[in-house]
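Assemble chain B onto chain A, guided by the hints.
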Amino acid sequence: MDNSKKKIITTPICDEQILDLKIGDIVYLTGMLATCRDDGHRRVVESSRFPNFDLRGMSILHAGPIVKTTPYGYEMISIGPTTSRRMEAYEGAFIEKTSVKIIIGKGGMGTNTAEACKKHKALHCIFPGGCAVTAATEVEKIVGLEWEDFGMPEAFWIMSVKNFGPLIVSIDTNGNNLFELNKSTFNIKKDLALREILPHVHFSHN
Amino acid sequence: MVNSKLESIISKIIACTAIELPTDVYESLQTMQKNETQPLASELYSCIFDNLDKATALKRPLCQDTGVLQFFVKCGTKFPFLDDIEETLIAAVRNSTKSVPLRHNSVDCFTERNTGDNTGALSPWIEWEIAKGMNDLHIDLYMAGGGCSLPGRSKVLMPLEGYEGVVKFVFDTIVEWGINACPPLVVGVGIGTCAATAALLSKKALLRKIGTHNQDPKARDMEIRLKNGLDSIGIGPLGLTGSQSVQCVNIEFASHHPATLGVGITVGCWATRRGSVHINSDLTYTILSHANSI
Chain A
7 MDNSKKKIIT TPICDEQILD LKIGDIVYLT GMLATCRDDG HRRVVESSRF
57 PNFDLRGMSI LHAGPIVKTT PYGYEMISIG PTTSRRMEAY EGAFIEKTSV
107 KIIIGKGGMG TNTAEACKKH KALHCIFPGG CAVTAATEVE KIVGLEWEDF
157 GMPEAFWIMS VKNFGPLIVS IDTNGNNLFE LNKSTFNIKK DLALREILPH
207 VHFSHN
Chain B
663 MVNSKLESII SKIIACTAIE LPTDVYESLQ TMQKNETQPL ASELYSCIFD
713 NLDKATALKR PLCQDTGVLQ FFVKCGTKFP FLDDIEETLI AAVRNSTKSV
763 PLRHNSVDCF TERNTGDNTG ALSPWIEWEI AKGMNDLHID LYMAGGGCSL
813 PGRSKVLMPL EGYEGVVKFV FDTIVEWGIN ACPPLVVGVG IGTCAATAAL
863 LSKKALLRKI GTHNQDPKAR DMEIRLKNGL DSIGIGPLGL TGSQSVQCVN
913 IEFASHHPAT LGVGITVGCW ATRRGSVHIN SDLTYTILSH ANSI
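Chains as they are written, first to last, in my numbering: chain A, 7 to 212; chain B, 663 to 956.
Treat the hints with care, as some may be off.
In silico BS3-like cross-links for lysine-lysine, where the CA-CA straight-line distance does not exceed 25 Å [as the list claims (entries may be wrong)]:
#  : chain 1 : residue 1 : chain 2 : residue 2
1  : B       : Lys830    : A       : Lys74
2  : B       : Lys830    : B       : Lys817
3  : B       : Lys817    : B       : Lys880
4  : B       : Lys667    : B       : Lys736
5  : A       : Lys13     : A       : Lys124
6  : A       : Lys11     : B       : Lys716
7  : A       : Lys147    : B       : Lys716
8  : B       : Lys716    : A       : Lys168
9  : A       : Lys195    : B       : Lys696
10 : A       : Lys74     : B       : Lys674
11 : A       : Lys195    : B       : Lys889
12 : A       : Lys195    : B       : Lys817
13 : B       : Lys716    : A       : Lys13
14 : B       : Lys721    : A       : Lys168
15 : B       : Lys889    : A       : Lys189
16 : A       : Lys28     : A       : Lys13
17 : B       : Lys674    : B       : Lys871
18 : B       : Lys830    : A       : Lys195
19 : A       : Lys189    : B       : Lys817
20 : B       : Lys866    : B       : Lys817
21 : A       : Lys74     : B       : Lys716
22 : A       : Lys147    : B       : Lys721
23 : B       : Lys667    : B       : Lys740
24 : A       : Lys12     : A       : Lys147
25 : A       : Lys168    : A       : Lys12
26 : A       : Lys28     : A       : Lys124
27 : B       : Lys866    : B       : Lys880
28 : B       : Lys760    : B       : Lys696
29 : A       : Lys189    : B       : Lys830
30 : B       : Lys716    : A       : Lys12
31 : B       : Lys871    : B       : Lys696
Since the hints were derived computationally from the structure, they do not count as laboratory data.
Same shape as in the complex, but just chain A (with noise of 0.2 Å):
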């Protein structure tokens, strides 16, 4: 997409920055970002142990990247989305202790992470799941690496990133959902594919 068209919120974001916005609506991100995932996540809530890097009006990303380490520092290899959902039972906690504002994954996430985005005007965004070279190329530099001890993929990488996206919202600041809207609708849909398909697997040797 054309620059100039792109809507792009820049960290530190307000909460004007995003109550206007709905689900499906696409965005962009400039500025901080930070990767956070399973690990992170857990040791945020459970042990309330915080990262050296203040999350207030920030953005994460549940990703886990491959990093290259070259004698300039680290170089951002890949990094796609990974699935949000995992991180459904934390998330609600997360936003409340952190403050963060944008929170990007890949998939839906559930009713309590819903939840925290109304109360606390959050969003869940996702990017596309997959184009981790695309999003690595958005990346302009890896400037700090918290937790290192939880290994690479867990690891809590802090960047800075230029125009990251798209990014589709998938929960808005009202706790609408995107994906449990879809998904009832898939259901319906299921049901009538069903009803098609059963009176012609009815194999047996009657």
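Relative to the frame of chain A, chain B by itself:
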């Protein structure tokens, strides 16, 4: 011992599989892009192909999750380097982790520490098959990513639940879990006696090329009905709705115990990464999965 010539072949198929899609998956996505009618879904297919172009140009893994490496080895009883295969596969994985590079995806059980080189207990995973009287070696490589491994499951049905039960199990799994696993999915379904055999057969079904069908006419009919039925749900790329849902449904089966009907499901994401290489007894080889291998 590690056979360096064999290792270079394995390393080549590992790099190739991480960076580029196998030809059948690439072509199936092209067809789905052409047949897509919804604007957001079409835009997402453009993102997918843009990413594939960048991965090829920069020679980088097209998805950051290069998975746990799983090898399906079919070795002739007269292949001269049979004793070298296991150690060579492990060495190739360890060295490719640095050279490609691959993500570190092997976590020791109980200590939960990442080994950092993609090797560990039974890692890489190796499945063996013997080809009686043959002197060659065939290897299928599958990179089992986390996101697309999550929906996988198998269940033993009561026989009276019938194939209707099999169909419902597939649809429930895809709608509840598959939508988060980077659709359009490649769907492997296994039918057998127990949870383990059904699961293994579902993986073998996943390894079969898109566009091929089971030779059994009833299984083939079920493959087509399942695909059409899933497509009618309109899951679309990345689960964000579209005019189609899956790349294919492949079924493999084994005769089952009269008192059980096991069903397994294994799915691959849009970026299903599998590689296939045929190696002769003189270690000349042909890559079968990637028409224009890098």
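Handout entry: Pair hint outcome, Lys716(B) versus Lys12(A) [Cα-Cα no greater than 25 Å]
Key = Holds - the C-alpha atoms of Lys12(A) and Lys716(B) are around 21 Å apart, at most 25 Å.
Handout entry: Given hint Lys880(B) paired with Lys817(B) - CA-CA distance at most 25 Å
Key = Within the cut-off at roughly 21 Å; holds.
Exercise for the section: Assess, step by step, whether the Cα of Lys195(A) is no farther than 25 Å from the Cα of Lys696(B), and give holds or violated. Expected result: Holds. Lys195(A) to Lys696(B) sits at ~23 Å (cutoff 25 Å).
Practice task
Could you grab the alpha-carbon distance between Lys28(A) and Lys13(A) and see if it respects the 25 Å cut-off?
Solution key: holds (13 Å)
Handout entry: Restraint check for Lys866(B) with Lys817(B), where alpha carbons must lie at most 25 Å apart
Key = holds (17 Å)
Practice task
Please work out if Lys866(B) and Lys880(B) have their alpha carbons no farther apart than 25 Å.
Solution key: Holds - the C-alpha atoms of Lys880(B) and Lys866(B) are around 18 Å apart, at most 25 Å.
Problem - Agreement of Lys74(A) and Lys716(B) with the hint, judged by alpha carbon distance not exceeding 25 Å - result: OK: Lys74(A) and Lys716(B) at ~17 Å, within 25 Å.
Problem - Satisfaction of hint between Lys871(B) and Lys674(B), Cα-Cα up to 25 Å - result: holds (20 Å)
Practice task
With a cut-off of 25 Å on the C-alpha distance, tell me whether Lys189(A) and Lys830(B) pass.
Solution key: holds (16 Å)
Problem - 25 Å limit on alpha-carbon distance, applied to hinted pair Lys889(B) and Lys189(A) - result: Given that 25 Å is the threshold and the Cα spacing comes to 18 Å, the pair holds.
Exercise for the section: With a cut-off of 25 Å on the C-alpha distance, tell me whether Lys74(A) and Lys674(B) pass. Expected result: Status holds; Cα separation ~20 Å.
Handout entry: Hinted pair Lys830(B) and Lys74(A), Cα distance within 25 Å
Key = Measuring from Cα to Cα gives roughly 44 Å; hence the hint is violated.
In the structure shown, a violation is registered for the earlier hints numbered 1 and 28, in ascending order.
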